[in-house]
Amino acid sequence: MKEMKADILHRIKQNKANPKPLPDYAAFGYDFDPREKFTEVMEAVGGKVLHQKGKINAAQLANLFGEGISIYSGVEDFSSTLDVSSLSPKDLPPIEVVILPVQLAVAENGACYLDESVLPHRVLPFICQHLIFVLEAKSIVGNMHEALEKIDLSQQGFSVFIAGPSKTADIEQALVIGAQGARSLTVFIRQ
Amino acid sequence: MSKHPQKAADFIANEARTDWHDQSLWVVREKRDKLAKGIAEWEELRELASQIKDHTLSHLDHYLEEFEKNALANGVQVHWAKDAETHNHIVHDILQKQKVRRLVKSKSMLTEECGLNPFLEKQGIEIIDTDLGERIIQLKDEPPSHIVMPAIHLKKEEIGELFHEKLQTEKGATDPQYLTEAARQHLRSHFLQADAALSGVNFAVAETGGVTVCTNEGNADMGIHLAPVQIHCMGLEKVIPRQKDLGVFTRLLARSATGQPITIYTSHHLKPKPGGEMHIVIVDNGRSEQLGREDFRNSLKCIRCGACMNTCPIYRRSGGHSYDYTVPGPIGSILTPGKDLKKYSDLPFASTLCGSCTDVCPVKIDIHQQLYKWRQIIAEEGHLPKAKAREMSMAAKVLSSPKAYRRATKWMRRLMRFLPRPLLYLNRNVWGKQRELPQVPRQTFKDWYKHEGNES
Ligand code: SF4
Chain A
20 MKEMKADILH
30 RIKQNKANPK
40 PLPDYAAFGY
50 DFDPREKFTE
60 VMEAVGGKVL
70 HQKGKINAAQ
80 LANLFGEGIS
90 IYSGVEDFSS
100 TLDVSSLSPK
110 DLPPIEVVIL
120 PVQLAVAENG
130 ACYLDESVLP
140 HRVLPFICQH
150 LIFVLEAKSI
160 VGNMHEALEK
170 IDLSQQGFSV
180 FIAGPSKTAD
190 IEQALVIGAQ
200 GARSLTVFIR
210 Q
Chain B
334 MSKHPQKAAD
344 FIANEARTDW
354 HDQSLWVVRE
364 KRDKLAKGIA
374 EWEELRELAS
384 QIKDHTLSHL
394 DHYLEEFEKN
404 ALANGVQVHW
414 AKDAETHNHI
424 VHDILQKQKV
434 RRLVKSKSML
444 TEECGLNPFL
454 EKQGIEIIDT
464 DLGERIIQLK
474 DEPPSHIVMP
484 AIHLKKEEIG
494 ELFHEKLQTE
504 KGATDPQYLT
514 EAARQHLRSH
524 FLQADAALSG
534 VNFAVAETGG
544 VTVCTNEGNA
554 DMGIHLAPVQ
564 IHCMGLEKVI
574 PRQKDLGVFT
584 RLLARSATGQ
594 PITIYTSHHL
604 KPKPGGEMHI
614 VIVDNGRSEQ
624 LGREDFRNSL
634 KCIRCGACMN
644 TCPIYRRSGG
654 HSYDYTVPGP
664 IGSILTPGKD
674 LKKYSDLPFA
684 STLCGSCTDV
694 CPVKIDIHQQ
704 LYKWRQIIAE
714 EGHLPKAKAR
724 EMSMAAKVLS
734 SPKAYRRATK
744 WMRRLMRFLP
754 RPLLYLNRNV
764 WGKQRELPQV
774 PRQTFKDWYK
784 HEGNES
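Listed in order, the protein sequences are those of chains A and B. According to my numbering, the residues represented by the first sequence are 20 to 210, in order. According to my numbering, the residues represented by the second sequence are 334 to 789, in order.
Derived by calculation from the structure, the hints in this document are not laboratory data. Do not rely on the hints blindly, as some may be mistaken.
To be verified - Some chain A residues close to chain B (C-beta under 7 Å, calculated; not the full set):
{"#": "1", "residue": "L106"}
{"#": "2", "residue": "K109"}
{"#": "3", "residue": "S173"}
{"#": "4", "residue": "F177"}
{"#": "5", "residue": "I181"}
{"#": "6", "residue": "K186"}
{"#": "7", "residue": "Q192"}
{"#": "8", "residue": "A193"}
{"#": "9", "residue": "A198"}
{"#": "10", "residue": "G200"}
Idealized CB from N, CA, C, for every residue including glycine.
Could you put the whole structure together from the sequences, leaning on the hints where they help?
Right under this line is the structure:
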């Protein structure tokens with residue numbers, strides 16, 4: 020094993036080109052309003068954006084998904100209908116709706132960032148049928164450069180940008196929402 | 334020898350299908366253009382991406398070691414594989430130690446390149462490819478025909494038929510929504526049973542020791558987070574220096590690939606899940622040699638977006654399978670001769686050298702120039718097919734003598750007007766197949782210039 024690595028690195032050392040400089044660059048600017056742009060992009064990829072003053076209530080959820088659904092909630096507004104911490108990840112499929120706070124969102128592409136600290140199980144935002152994000156309006160940044168200046172990936176074992184409901188176009192390029200992950204994504208933006 | 338022309342001929346035999354394939358890809362190319370134009374600094378981003386990759390490749394040993402050091406500190410087990418065979422054995426060893434019987438995989442062109450599936454299947458391990466496109470071709474027992482859209486060559490009727498047979502969907506059902514739903518249910522049951530999950534890697538960040546995986550369906554994450562063992566296989570060129578560099582590459586990747594602002598999921602895996610284990614396999618398999626080929630080393634900058642395929646007039650009309658390699662299209666045609674010059678000697682000729690690939694490439698690889706360079710090497714080493722070599726040497730004689738050239742054009746202009754079609758489109762004239770010769774001008778440019786020049 021050690022030899023294999025040494026061997027590969029040796030070949031690289033022999034074969035690589037003369038050193039080229041690493042460019043430095045600052046975040047690029049933009050000429051849009053981040054909140055408007057975020058909404059526009061998120062809707063274009065099939066997500067739903069709702070502006071929310073105050074807490075999310077049961078009636079709103081029932082409106083979106085019907086009564087009697089199983090919910091995991093990672094926000095204070097709302098309590099979970101079942102205790103996922105006592106379940107193993109493979110017992111999670113019955114969960115229909117997962118509500119998570121989002122640390123930051125990116126206007127240019129609709130990507131919402133969250134890390135393991137809000138996830139009792141890493142698979143939770145993928146295995147649920149419907150995903151809800153709660154986002155503070157002031158946490159929307161313009162582009163990816165800005166986002167990556169603000170977060171530190173090394174702080175967490177797992178983190179993810181999610182930019183819409185799961186989708187595929189693998190059958191004749193026809194867009195189908197709800198491939199293998201969440202079938203829908205609703206983002207509540209809180210002022 | 335010369336498999337591409339033959340396979341391409343088989344593909345275009347069905348004209349309606351060729352047109353459909355061509356159109357499907359062109360639509361993706363147009364989406365890419367729209368998204369690229371929406372970013373004022375697009376060209377700057379391409380330049381930055383290119384420079385970051387150039388820098389990384391010129392310090393590749395350093396960054397790989399930094400990456401490994403940080404990954405180890407994160408509790409990840411790092412493995413090095415010099416070739417495909419070693420890669421397959423490493424993966425098998427990991428699976429054996431954990432007594433894994435069932436493995437779910439998400440899109441990894443590298444494992445395709447290494448032939449991992451057949452290898453593991455022989456050892457009695459069940460492998461399920463979980464990206465919808467990959468699952469379709471796995472069920473059909475075919476290789477992918479595109480690196481981003483592996484089943485782009487199939488019609489929904491064929492997929493419906495396949496799913497009817499394998500997943501018991503209704504006979505005759507072709508609705509993509511319905512078929513995708515069937516696949517969702519089918520794959521969910523496999524995710525829940527898997528003992529291990531394997532994924533490819535889009536970017537490996539040296540600074541953090543983490544790997545970034547970009548997908549749209551969510552299948553990679555479903556697999557990785559549900560199974561106790563997670564394995565990420567990466568070509569050694571996937572490393573990038575800093576977290577901030579992800580900004581440049583994620584902005585370019587999905588826009589170039591499918592015309593989306595970003596893939597739906599951009600996941601960063603740094604540490605094993607609680608109670609689980611995480612492995613990263615770093616694979617060479619010819620890459621360090623490619624690094625030593627000065628003219629071709631920058632093909633290692635490729636981020637596998639597929640844009641060069643979507644735009645290539647040859648790829649669009651000959652289909653991915655005609656290239657007979659995991660990575661088809663323009664980029665495949667410059668990677669393959671380095672692997673086996675003789676076997677793939679026809680691929681650098683599967684191009685019009687129009688340069689469209691180079692224009693769209695987000696990391697600015699000079700693809701068409703490399704194709705041209707390979708052609709020269711292939712000719713020098715005597716791997717040209719006989720007919721091509723004969724035509725080339727004839728052309729060389731004519732083109733190197735102005736007098737002979739003038740004489741030839743004069744005769745050709747006359748001849749082409751009067752020669753009967755059957756003679757012009759003779760079987761031996763491969764250029765006449767599926768092509769119409771242009772209208773012959775009455776005058777040569779030279780004559781026209783002489784004439785016009787005298788008048789003004
Ligand atoms: S060569 Fe360039 S355009 Fe082609 S797949 Fe690689 S990065 Fe994309």
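Which earlier hints turn out false for this structure, listed by number in ascending order?
Hint 1 alone not satisfied by this model.
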